[in-house]
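J.: Spelled out from the first residue to the last, the chains are:
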Amino acid sequence: MHPRKPILLFAARILAWLVPCLAAWYWLAPWLDRPAAWLAQGLVALHGELVASIEIDGRLLDFVTRLAARTASGERGVVIVEVNPMLSTYGTPFLAALVLASRGGWRKLALGLAALLPFQAWSIAFDFLAQVLRAGPETASQAGLVGWRAELTALAYQLGSLLFPTLAPVAVWVAMQARYVRQLAGTAAAVTPPAG
Amino acid sequence: MLRFLSLFLLILVGLFTAELTRPAQEALVQPWTATLARLCAAVITRFDRHVVALGDVLESTTNGFAVSIRAGCNGVEATLILVAAILAFPAPWTRKAAGIAAGVAAVQVLNLVRVVSLFYLGQWNRVAFEWAHLYLWQTLIMVDVLVVWLLWLRWVRVEPAPRAPA
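From first to last, the protein sequence lines are chains A and B. Quick note on our numbering: the first sequence kicks off at 312 and runs consecutively. Quick note on our numbering: the second sequence kicks off at 122 and runs consecutively.
In isolation and in its complexed conformation, chain A is listed as follows (with noise of 0.2 Å):
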C-alpha cells in the first residue's frame, strides 16, 4: 500500500460522513444548540447581570438585555440581540464525522462533543457582546464594553468566529485519538483503527 493511503482514505471517508452528519445536525441544531446557548448565557453572567433572558426562536437565539436603547423616534426600550448559534455550533458535525471516520466509537463522539461545548459558548457568548459593542457607544458603555475591555471582547470574537468553530473540533479530535493519529502519521501502512 501506498504510505499516503490511509490519509486519503481517511480522507475520503470524512467525507462521506461529513453529508449525514451535517444533514442530522442543521435537522438537530435547535434542540443540539440549547446547551451551548445555556453556557453562553452563564458565561455573559460572569462579565454582570446583562441578559435578563434568553428566548428560542426557530434557529435563532434572542439575548434580551437589560440594555435601555431609544428609538429615532424617541420611545424606551430594551436591547434585543439576536444570535445565530449555528455559526458557533457547525463544528459539531465535522467532530461526529472525524471519530465516526476514524472509529473512535459513540462513547468518544459523546465525550468530544461535550468537549467542543465550552468553545461554541465562547462564540455564541462573544458574538452577542460583539453585536452590543456594535451597537454604539451609549449601548456599549451601558454594558461596560469601554476601553481594554472593548478591545479583548474584540479579539475574544475574532478567535470565537474564525477560530475555534472549525479548529475546536480538530483539536479534540486530535486529543481523543492521538493513538489513531500516531498511526496515520508514523506506520500507517500497519493502521488498524480501534474497533467502535
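Rather than coming from a laboratory, the hints here were simulated on the basis of the structure. Check the hints yourself; a few may be wrong.
[Said to hold, decoys possible] So the derived list for chain B, only partly shown, Cβ under 10 Å to chain A, looks like this:
#, residue
1, PHE137
2, PHE168
3, HIS171
4, VAL173
5, TYR256
6, ILE262
[Said to hold, decoys possible] Far from chain B by the CB rule (all over 12 Å, computed), these chain A residues:
#, residue
7, PRO317
8, PRO346
9, ALA379
10, PHE405
11, ARG414
12, LYS419
13, ALA421
14, ARG445
15, ALA446
16, ARG460
17, LEU470
18, PRO480
19, ALA486
20, ALA489
Every residue gets a Cβ at the ideal spot worked out from N, C-alpha and C, and that includes glycine.
Based on these hints, arrange chain B on the given structure of chain A.
T.: Chain B alone, transformed into the frame defined by chain A:
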C-alpha cells in the same frame, strides 16, 4: 503531545493576534485578499468573460451579483493554523519550510475553488450559497488543513532528512 499542543496554541494565538493588527492588515491581509480576488477573476475569465475584480470584490458584469472576500474567506486563518501546527512539531527546519510552502499552496488553491464556487452558487440559489458559505466550505478547508498536516507528518517521520557525509 502536551508540549506540541501548548506550543501550537502559543504560536497560533501570536500569529492570529498579529494578523489582526492594522499594520498586518494593511501590509499583508488586504493586499493578499485583493490578489485572491484578481486570481479568481483570472481563473473565471478563462470560461466566463463577464466578471471583474474590484479590490476584494468579485463582480458579475451581466447581473451585478458580487461577492466580497472577507476575513474567514481569504484562507488566512486556515493558513495560520497550518503554519502553527507545522512550526510546533519537532522537525528539521528545511522540512518545516517545505511543508509550509506546499501546505499554504494547497490551502490557497482550495480556497480559490471555494470563492469561485460560491460566486456561481450565489447567482444560482441564495439559500445554497449561505449554507455552503457559512458551514460547508469552512469545514472543507479545515479538512484540507488536517490532511495536509497529516501528510506532512508522515513525510517528516517516515523519510529521514538527508544527512551530510561525516
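J.: Each hint: holds or not?
T.: Right, here's what the structure says about each hint:
no. : hint   : verdict
1   : PHE137 : holds, 7 Å
2   : PHE168 : violated, 26 Å
3   : HIS171 : violated, 32 Å
4   : VAL173 : violated, 28 Å
5   : TYR256 : holds, 4 Å
6   : ILE262 : holds, 7 Å
7   : PRO317 : violated, 9 Å
8   : PRO346 : holds, 19 Å
9   : ALA379 : holds, 31 Å
10  : PHE405 : violated, 5 Å
11  : ARG414 : holds, 16 Å
12  : LYS419 : holds, 16 Å
13  : ALA421 : holds, 20 Å
14  : ARG445 : holds, 15 Å
15  : ALA446 : holds, 20 Å
16  : ARG460 : holds, 17 Å
17  : LEU470 : violated, 7 Å
18  : PRO480 : violated, 8 Å
19  : ALA486 : violated, 7 Å
20  : ALA489 : violated, 6 Å
Of the numbered hints given earlier, the model fails hints 2, 3, 4, 7, 10, 17, 18, 19 and 20; all others are met.
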